[in-house]
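Chains A and B, in that order, give the protein sequences.
One point on numbering: in the numbering used here, the residue at position 242 of the first sequence is 242, and numbering is uninterrupted.
If you count the second sequence from 1, you need to add 1000 to reach the numbering used here.
Quick caveat, the hints were computed from the structure, so don't treat them as lab data.
None of these values were measured; they are calculated from a predicted model.
Backbone N, C-alpha and C define an ideal beta-carbon position, used for all residues, glycine too.
Careful, some of the hints might be misleading.
A short list of chain A residues far from chain B (calculated; beta carbon distances all over 10 Å) [as the list claims (entries may be wrong)]:
1) E36
2) G40
3) G153
4) N250
5) A281
Pulled from the structure, derived: some chain A residues nowhere near chain B, Cβ distances all over 10 Å [claimed, not checked]:
6) S10
7) N86
8) F150
9) Y152
10) L176
11) K241
12) P252
Below, a list of computed lysine to any residue pairs in the SDA-like style, where the Cα atoms sit at most 20 Å apart [what the hints assert, rightly or not]:
13) B:K1173 with A:V50
14) A:K212 with A:P178
15) B:K1173 with A:I249
16) A:K173 with B:D1072
17) A:K49 with A:P88
18) A:K173 with B:W1097
19) B:K1173 with B:E1144
20) A:K173 with B:A1205
21) B:K1173 with A:Y105
22) B:K1173 with A:M181
23) A:K173 with B:V1142
24) A:K173 with B:G1040
25) B:K1021 with B:D1072
26) A:K173 with B:A1200
27) A:K173 with B:I1249
28) B:K1173 with A:F247
29) B:K1173 with B:V1142
30) B:K1212 with B:F1247
31) B:K1173 with A:L244
32) A:K173 with B:A1280
33) B:K1173 with A:A281
34) B:K1021 with B:G1009
35) B:K1023 with B:F1070
36) B:K1173 with A:M87
37) A:K23 with A:A281
38) B:K1023 with B:P1088
39) B:K1049 with B:G1009
40) A:K173 with A:E144
There are 2 protein chains.
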Amino acid sequence: MNAKAGHSGSLYLGIDGGGSKCKVVLLAADGQLLGEGLGGPANPLRGVKVATDSILAATQQALTSAGLGFNDMARMVVGAGLAGVNMPQYFQAMSEWQHPFAEFYLTTDLHVACIGAHQANDGAVIIAGTGSCGLADVQGQVLEIGGHGFPYGDNGSGAWFGNQLVHHVLLHKDQLGPATMLTELLAEQINASDTLDIVAHFMHATPTIFAKYAPLVFAAAEQGDVVAQQIVILGAQHIEKIALRLFSINPPRLSMIGGLAYKIIPYLSDAVQQRICDAAAAPEYGAVWFAQQQRQNLNLVK
Amino acid sequence: MNAKAGHSGSLYLGIDGGGSKCKVVLLAADGQLLGEGLGGPANPLRGVKVATDSILAATQQALTSAGLGFNDMARMVVGAGLAGVNMPQYFQAMSEWQHPFAEFYLTTDLHVACIGAHQANDGAVIIAGTGSCGLADVQGQVLEIGGHGFPYGDNGSGAWFGNQLVHHVLLHKDQLGPATMLTELLAEQINASDTLDIVAHFMHATPTIFAKYAPLVFAAAEQGDVVAQQIVILGAQHIEKIALRLFSINPPRLSMIGGLAYKIIPYLSDAVQQRICDAAAAPEYGAVWFAQQQRQNLNLVK
């Protein structure tokens, strides 16, 4: 028997569930890491069954790596931060899940990211990954900005940068816009330079696929490409606006997370850059702390 | 027996097949209109079967209104202008259709629009409808611009205007952008003003759905809304660029068609506006003339 499996009492499971994958951590009551797991998309917008299957698969992995069994799910106090549950109908749908856990506390992926980044203290977080959004959590007041989805929202996100890239390459190809290095960079990347091939490649592209090409815009901007620089400035301006809006409720700290964060930060104003600090912990840990907070609040009420 | 049905010899069928519907006209060899029909989407991107079913349904309607029968399809010389067949794979797929007609000549919807607008003479056309694109046909040289699809292309189209509308309403709601009358206009139109309800409404929106809301932007611009005016100017600038690019091969005429054309024209430069003239005939007539041209060219070769 695995030594770790000796833990009795409550187990804490933290879930960070996004549109493409979900990550879980399994902690003992004293905070010791027992196991980790990775699953598919856990965004109920893609279907509650898909989300719960992904969560259970990741949980099973975490249990296995901890030397625990399926039945130990009944001992778990679970915090889940899932994309999409800011919409009441999806929050409702996930809340009705007949889960196998002892307790299940639900909030958004953005909220657990903020709790994780600031170790359950007040603060703000901006995510610049496939999508873009921000949240500040100050003295119980939660302010959420953006994250409404692509293409009408999520400016400054990976999906937005990728879409801008394709847009400007097509303008160049049609001689409607200036020449840009992006055209050659994209051609190399997708192994096609013909306009129709480019269109065929992106015709049914998801935000995730557009986001894959976002780094090319930053690479071209760094090499002095004016079109790419303009795109980066425009995207960074939107992230800057989110930051300033979050500052309106005076969060003591701001962390930027997501795959594009470190690329965008240098393009933000000094005033914003000076207030940015590293995230203390990953969102899945924030999910555990969220569950502990909720549990405590419930006990206080009782 | 219907008097019209007495026509013997060739019948000409012209098809204008777009992403949401297809229109057909049935003409006698002397150009007399015998019947008309309307079908569903005839864009092979949605599937060749969907496209051919739509075409056959519309053709059947035209035959019925002409007092002709199913077997008369075998007498038809058909010109088809279909969206999507600028892509070789879809041109190929539609060419392989075992059609019931005597002859079947295939080109793009944009091309037949241009032929129709200028009665088979040289000219140029810009479509500003759900999508945006332009084509000039001068002495056998065909220049096609734009029309690559939404969201990376089709600026200045209905889909683009609708998306900009939702984008700016969400910026207003999040206090990331200036207040705009568009917020109230959209709320009235979709009977919802809450951010989450707006997002739920447009989350899976197709270009056609976004395009439905484009007129609101023009309405607000006319009432002096600055945000709406900026969107209109940006969209019109793109259409202007398409026009200037088409002028590079010196088309003697330019027509603007599509549901947004008459709304955009006032925002174009005087230089472009002065060269715009009404389309002489609808795209489905252009499709008939295209078939006749192709037939003549083949006979010349023989």
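Each hint tested on the structure:
1. With a least CB separation of 32 Å from chain B, E36 (chain A) remains clear of the 10 Å interface cut-off, as annotated.
2. For G40 (chain A), the condition that its CB be more than 10 Å from all CB atoms of chain B holds, with the nearest at approximately 20 Å.
3. For G153 (chain A), the shortest C-beta to C-beta distance to chain B comes to about 5 Å, within the 10 Å cut-off, and the non-interface label is violated.
4. Every CB of chain B lies more than 10 Å from the CB of N250 (chain A), the least distance being 16 Å, so the non-interface label holds.
5. Every C-beta of chain B lies more than 10 Å from that of A281 (chain A), the closest at about 27 Å, which supports listing it as non-interface.
6. A cut-off of 10 Å between C-beta atoms confirms that S10 (chain A) is not in contact with chain B; the least separation is 34 Å.
7. With a minimum CB-CB distance of about 7 Å to chain B, N86 (chain A) fails to clear the 10 Å threshold, and the non-interface call is violated.
8. With a least beta-carbon separation of about 8 Å from chain B, F150 (chain A) fails to lie farther than 10 Å from that chain, contradicting its non-interface assignment.
9. Once the 10 Å rule is applied to beta carbons, Y152 (chain A) is inconsistent with being away from chain B; the minimum gap is 4 Å.
10. Chain B draws L176 (chain A) into its interface by the beta-carbon criterion, the shortest separation being 5 Å against a cut-off of 10 Å.
11. Its closest Cβ contact with chain B, about 5 Å, brings K241 (chain A) to no more than 10 Å, contrary to its assignment away from the interface.
12. A cut-off of 10 Å between C-beta atoms confirms that P252 (chain A) is not in contact with chain B; the least separation is 21 Å.
13. A C-alpha spacing of about 31 Å is found between K1173 (chain B) and V50 (chain A), which places the hinted pair above 20 Å, so the restraint is violated.
14. Using a Cα cut-off of 20 Å, the hinted pair K212 (chain A) and P178 (chain A) is violated, with the two alpha carbons roughly 23 Å apart.
15. A C-alpha spacing of about 17 Å is found between K1173 (chain B) and I249 (chain A), which places the hinted pair at or below 20 Å, so the restraint holds.
16. Between K173 (chain A) and D1072 (chain B) the CA atoms are separated by roughly 45 Å; this puts the pair beyond 20 Å, and the hint is violated.
17. Note on K49 (chain A) and P88 (chain A): the hinted pairing holds, with a Cα-Cα distance of about 17 Å set against a maximum of 20 Å.
18. Under the criterion of a C-alpha separation no larger than 20 Å, the hint pairing K173 (chain A) with W1097 (chain B) is inconsistent with the structure, at around 32 Å.
19. Distance check on the hinted pair: K1173 (chain B) and E1144 (chain B) sit about 39 Å apart at the alpha-carbon level, beyond 20 Å; violated.
20. In summary, the hint linking K173 (chain A) to A1205 (chain B) is not supported, as the alpha carbons are separated by about 28 Å, beyond the 20 Å threshold.
21. Proposed proximity of K1173 (chain B) and Y105 (chain A) is contradicted: the alpha carbons are some 28 Å apart, above 20 Å.
22. The hinted pair formed by K1173 (chain B) and M181 (chain A) fails the criterion: a straight-line CA distance of about 36 Å is larger than 20 Å.
23. With a CA separation close to 16 Å, the supplied pair K173 (chain A) and V1142 (chain B) stays within the 20 Å bound.
24. For the proposed pair K173 (chain A) and G1040 (chain B), the alpha carbon gap of about 32 Å is over 20 Å, so the pair is violated.
25. Restraint check: the Cα-Cα separation between K1021 (chain B) and D1072 (chain B) comes to about 23 Å, which exceeds 20 Å; the hinted pair is violated.
26. Under the criterion of a C-alpha separation no larger than 20 Å, the hint pairing K173 (chain A) with A1200 (chain B) is inconsistent with the structure, at around 35 Å.
27. Distance hint between K173 (chain A) and I1249 (chain B) is fulfilled; the C-alpha atoms sit about 17 Å from each other, no more than 20 Å.
28. Only pairs whose Cα atoms come within 20 Å are accepted, and K1173 (chain B) paired with F247 (chain A) is accepted, the gap being roughly 17 Å.
29. For the given pair, K1173 (chain B) sits about 45 Å from V1142 (chain B) by alpha-carbon distance, which is inconsistent with the 20 Å threshold.
30. Taking the CA atoms of K1212 (chain B) and F1247 (chain B), the gap is near 30 Å; set against the 20 Å cutoff, the hint is violated.
31. For a cut-off of 20 Å, the pair hint linking K1173 (chain B) to L244 (chain A) stands: about 15 Å separates their Cα positions.
32. Pair hint K173 (chain A) plus A1280 (chain B) does not hold up; C-alpha atoms about 31 Å apart against a cutoff of 20 Å.
33. Among the hinted pairs, K1173 (chain B) with A281 (chain A) is inconsistent with the structure: their alpha-carbon atoms are about 31 Å apart, more than 20 Å.
34. The hinted pair formed by K1021 (chain B) and G1009 (chain B) fails the criterion: a straight-line CA distance of about 29 Å is larger than 20 Å.
35. Taking the CA atoms of K1023 (chain B) and F1070 (chain B), the gap is about 18 Å. The hint holds against a cut of 20 Å.
36. Simply put, K1173 (chain B) and M87 (chain A) have alpha-carbon atoms about 16 Å apart, close enough for the 20 Å limit, and the pair holds.
37. As the CA atoms of K23 (chain A) and A281 (chain A) are separated by approximately 13 Å, the hinted pair is consistent with the 20 Å bound.
38. With a CA separation close to 23 Å, the supplied pair K1023 (chain B) and P1088 (chain B) exceeds the 20 Å bound.
39. A C-alpha spacing of about 29 Å is found between K1049 (chain B) and G1009 (chain B), which places the hinted pair above 20 Å, so the restraint is violated.
40. The straight-line distance between the Cα atoms of K173 (chain A) and E144 (chain A) is roughly 39 Å, outside the 20 Å bound, and the hint therefore fails.
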